[in-house]
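Asker: Following the hints, complete the assembly by docking chain P onto the known chain G.
Letter by letter, the chains look like this.
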Amino acid sequence: GNSVTQMEGPVTLSEEAFLTINCTYTATGYPSLFWYVQYPGEGLQLLLKATKADDKGSNKGFEATYRKETTSFHLEKGSVQVSDSAVYFCALSYTGGGNKLTFGTGTQLKVEL
Amino acid sequence: NAGVTQTPKFRVLKTGQSMTLLCAQDMNHEYMYWYRQDPGMGLRLIHYSVGEGTTAKGEVPDGYNVSRLKKQNFLLGLESAAPSQTSVYFCASSYQGRNTEAFFGQGTRLTVV
Numbered sequence: 010g011n012s013v014t015q016m017e018g019p020v021t022l023s024e025e026a027f028l029t030i031n032c033t034y035t036a037t038g039y040p041s042l043f044w045y046v047q048y049p050g051e052g053l054q055l056l057l058k059a060t061k062a063d064d065k066g067s068n069k070g071f072e073a074t075y076r077k078e079t080t081s082f083h084l085e086k087g088s089v090q091v092s093d094s095a096v097y098f099c100a101l102s103y104t105g106g107g108n109k110l111t112f113g114t115g116t117q118l119k120v121e122l
Numbered sequence: 004n005a006g007v008t009q010t011p012k013f014r015v016l017k018t019g020q021s022m023t024l025l026c027a028q029d030m031n032h033e034y035m036y037w038y039r040q041d042p043g044m045g046l047r048l049i050h051y052s053v054g055e056g057t058t059a060k061g062e063v064p065d066g067y068n069v070s071r072l073k074k075q076n077f078l079l080g081l082e083s084a085a086p087s088q089t090s091v092y093f094c095a096s097s098y099q100g101r102n103t104e105a106f107f108g109q110g111t112r113l114t115v116v
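Going line by line, the protein sequences match chains G and P. Counting from 10, one number per residue, gives the positions in the first sequence under my numbering. Counting from 4, one number per residue, gives the positions in the second sequence under my numbering.
Chain G on its own, in the form it takes in the complex (with noise of 0.2 Å):
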């Protein structure tokens, strides 16, 4: 069956510092990834996707590369800030079949001043 597995956290960072949360997968075919961030109290919401292999998914400074040949879908930011601070999830989907969403476990990032 499909699968994705994070790192596992809490991940506490100082404000400026480099992120990278990693996400790997197992899914047979082609499914598209994605990150989902839930703020505290608060549903999940989507950070960026990427359909297909070598796309890149960016938003909000954040990005992610499709790695089909590693199953790889890390998440990275050049300089966190404290408003950052949520859980991150990976997942993958396939079209058809009702979109499915198979999540990760989820990361906790913390960014302190």
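A portion of the hints provided could be inaccurate.
Derived pair list, reagent style EDC-like, types lysine to aspartate or glutamate, alpha-carbon separation capped at 20 Å [as the list claims (entries may be wrong)]: (1) G:61 - P:29; (2) P:12 - G:51; (3) G:65 - P:104; (4) P:73 - P:29.
I should point out that these hints are in silico values taken from the structure, not numbers from a laboratory.
Answerer: The following block gives chain P in isolation, referenced to the frame of chain G:
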């Protein structure tokens, strides 16, 4: 700008009681989903629907039932609540097309004592 609205936001049940969680979306989305979020496990799909009048099982359907009588509403029922169903429940919806974004509600925190 309502998006996906879940009712209620919090609930405490006694073991064996029943309840229904309501999800309403105003974006005319075809697809709707119910997920549960548990610590260290990410989000897991309970049931989903690809259109009015249709439902299908997800990864963890046991102990839950769903109905989609109207396109905009997706109900999740617990007939006889158990402590193992203590969780945060999220409803989501999306368009039918390829690689579409899922929009999430703010969640329902359910405690079964």
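Asker: For every hint, state whether the structure bears it out.
Answerer: Hint by hint, here is what the structure shows:
{"no.": "1", "hint": "G:61 - P:29", "in the structure": "30 Å, violated"}
{"no.": "2", "hint": "P:12 - G:51", "in the structure": "11 Å, holds"}
{"no.": "3", "hint": "G:65 - P:104", "in the structure": "16 Å, holds"}
{"no.": "4", "hint": "P:73 - P:29", "in the structure": "12 Å, holds"}
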